[in-house]
Amino acid sequence: MEEVKQKLDNQLLSAQVKLVIWDLDDTFWRGTLSEEAIVPIKENVELVKTLAGRGIISSVCSKNDPALVEQQLRQLAIWDYFVLPSISFQPKGNAILNIIEALQLRPENVVFIDDNPSVLAEAQFNCPKLVCLSSPTFLVEQVDCAALKGNADPELTRLEQYKVIAKKFESRQSSSISDETFLRQSEIRISIDYDIDASLDRIIELVNRSNQLNYTKIRIETEKEREEFFHDLNAFGFNAGIVRVWDKYGDYGIVGFFMTLATLNRYELKHFVFSCRVMNMGIEQYVYAFLNRPDIRIIEPVANPIETFANIDWITVSMKEEAIGRLRDRKITLIGGCDMLQLSTYCSCQSTEFTNREQHGIMKRLDDPFFILGDAKLFAESELRPHIPAANEEDVLQLRDALSTTDAVIVSFYRMMESNYFKGNDGLTFRIDEDALRALLASDLGIWFVHNFTFVEYSHVHLNNLISMSFDRLASSTKASAKIVVLLEDTRKLDDNPEEYFFKNRYNEFILKECARIEKLHYIDVNSAVDLAHLHDDGFHMNRQGYLQLAQAVMQIIDP
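Heads up: the sequence shown begins at 2 in our numbering, then just goes up one per residue.
Derived from the structure by calculation, the hints contain no laboratory data. Incorrect hints may appear among the rest.
[Said to hold, decoys possible] With a straight-line cut-off of 27 Å between C-alpha atoms, the simulated DSS-like cross-links for lysine-lysine are: (1) Lys480 <-> Lys332; (2) Lys43 <-> Lys150; (3) Lys43 <-> Lys64; (4) Lys521 <-> Lys484; (5) Lys164 <-> Lys130; (6) Lys150 <-> Lys64; (7) Lys43 <-> Lys164; (8) Lys514 <-> Lys484; (9) Lys480 <-> Lys378; (10) Lys169 <-> Lys130; (11) Lys480 <-> Lys514; (12) Lys50 <-> Lys169; (13) Lys249 <-> Lys169; (14) Lys521 <-> Lys480; (15) Lys130 <-> Lys225; (16) Lys378 <-> Lys424; (17) Lys271 <-> Lys218; (18) Lys249 <-> Lys150; (19) Lys271 <-> Lys225; (20) Lys150 <-> Lys218; (21) Lys168 <-> Lys50; (22) Lys168 <-> Lys64; (23) Lys130 <-> Lys218; (24) Lys64 <-> Lys169; (25) Lys168 <-> Lys249; (26) Lys332 <-> Lys521; (27) Lys332 <-> Lys494; (28) Lys164 <-> Lys225; (29) Lys150 <-> Lys130; (30) Lys164 <-> Lys150; (31) Lys225 <-> Lys64; (32) Lys218 <-> Lys50; (33) Lys494 <-> Lys514; (34) Lys271 <-> Lys249; (35) Lys50 <-> Lys150.
Given the sequences, and given the hints that come with them, work out the whole structure.
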């Protein structure tokens, strides 16, 4: 038996310790509580408090009388430091396993202390990855090692959060209803917050320490990894948010983090991680749907798939995010440039985006009046259309279908005022981006394009008329209750570009007149809707907070 004790005590604390399960007799006091007078061991009592201050929680597994134990631990002023104590005369192996599972932890993140070698062997048999020690002495000696470092938690927040889990577990154990019915009566609420700067330490802790519900497992441990992470937080195309959860049992705090990247080619999750404290609540599935199910490369192992339940109807959005939550219940159609991809991440789960798309390696733009006014039949009959980066029959039919059922259309048409329009020998005109035009002319189709297309120079008035016709088409193609929201151009940060400032102001004045002409048409002044701090120096793009503010402004129009 001594060999067993020595073997177990020689285990290294290789993983972060999140829970310590203590025996009582000859651990917190010398002697046996039920048989004789006891003498408290003060250093072990203090160790429990020290660990709690680092966010490392404690539990008890002891063969004793529950009432006597509670009385004694209260006298030692540490009863409230223990979560889900198991005090009975049942075998400890299963009891330990039940504590770990109830608190939704992994055995390798748990330490069990007991001076009885046979009990240690039993515990090791039931939980092979459990760290078993015959005495707290090892923890005292290693208290400053990395595995026991934890995170400073002077308010004992982590302890309180695990008490919430324990309370819910005990309530669930005493109930005969189904798991989903239990979740429905739990009154689960969620808050998704994109203002994350004050929570960066918690985010990094979550990314580095979570495993069971860390679907991407991209750590932020080295200085280089931190630099890359902070760069991405402020780079165009990236959006990040934290997830807070609470229910009628208590507050779980910040339990999730995600970072998405929206590009012309794809929409993907770079980080998607949750605390085990919310395991089996459907939080990760709800957030994934909230984000419009981005592409994700899942790094195994994970405790469960992202989508586990057939349907989640037990989670509600908190007051802070209700406006965005209501926006996501609407069918929304977005037409414009790449900035609409960023806005769409905060919009409806049923949104349809007509933005810049890649075709044959060259960007085609759908913020084109000839796309909105286009005839699907003529596009299908054209022999030129399949070879150029322009809207095709499928795009037009998709737009028609989207407009027929949409609750709102959000558009950004300023780029239509650019002069890159070409008319083909088939009689059809399209708009092309300057970079795309250069790429097309440099390709194998360059000479063919010159022979089959002619540059069309439109006046400012003609371009305004094309946009007016586009608005009329959108208004007539949508249901009576639908609203068309036009984004005005941001005229800030243009001190060094007076010409662009003039063009944007002129466009904004034109849009205001159109909104007065068409009842369905509404505008958002980006200059007042989005704080200047969220606008990038190029005067066009914004950071994640900017697009969130823009989404909130959209909601005020769609659902005032």
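To see whether the hints hold, each was checked on the structure:
no. : hint              : in the structure
1   : Lys480 <-> Lys332 : 12 Å, holds
2   : Lys43 <-> Lys150  : 21 Å, holds
3   : Lys43 <-> Lys64   : 21 Å, holds
4   : Lys521 <-> Lys484 : 5 Å, holds
5   : Lys164 <-> Lys130 : 24 Å, holds
6   : Lys150 <-> Lys64  : 30 Å, violated
7   : Lys43 <-> Lys164  : 24 Å, holds
8   : Lys514 <-> Lys484 : 16 Å, holds
9   : Lys480 <-> Lys378 : 23 Å, holds
10  : Lys169 <-> Lys130 : 26 Å, holds
11  : Lys480 <-> Lys514 : 22 Å, holds
12  : Lys50 <-> Lys169  : 24 Å, holds
13  : Lys249 <-> Lys169 : 9 Å, holds
14  : Lys521 <-> Lys480 : 10 Å, holds
15  : Lys130 <-> Lys225 : 32 Å, violated
16  : Lys378 <-> Lys424 : 17 Å, holds
17  : Lys271 <-> Lys218 : 9 Å, holds
18  : Lys249 <-> Lys150 : 31 Å, violated
19  : Lys271 <-> Lys225 : 17 Å, holds
20  : Lys150 <-> Lys218 : 21 Å, holds
21  : Lys168 <-> Lys50  : 21 Å, holds
22  : Lys168 <-> Lys64  : 22 Å, holds
23  : Lys130 <-> Lys218 : 21 Å, holds
24  : Lys64 <-> Lys169  : 24 Å, holds
25  : Lys168 <-> Lys249 : 10 Å, holds
26  : Lys332 <-> Lys521 : 16 Å, holds
27  : Lys332 <-> Lys494 : 33 Å, violated
28  : Lys164 <-> Lys225 : 37 Å, violated
29  : Lys150 <-> Lys130 : 20 Å, holds
30  : Lys164 <-> Lys150 : 21 Å, holds
31  : Lys225 <-> Lys64  : 50 Å, violated
32  : Lys218 <-> Lys50  : 31 Å, violated
33  : Lys494 <-> Lys514 : 25 Å, holds
34  : Lys271 <-> Lys249 : 32 Å, violated
35  : Lys50 <-> Lys150  : 14 Å, holds
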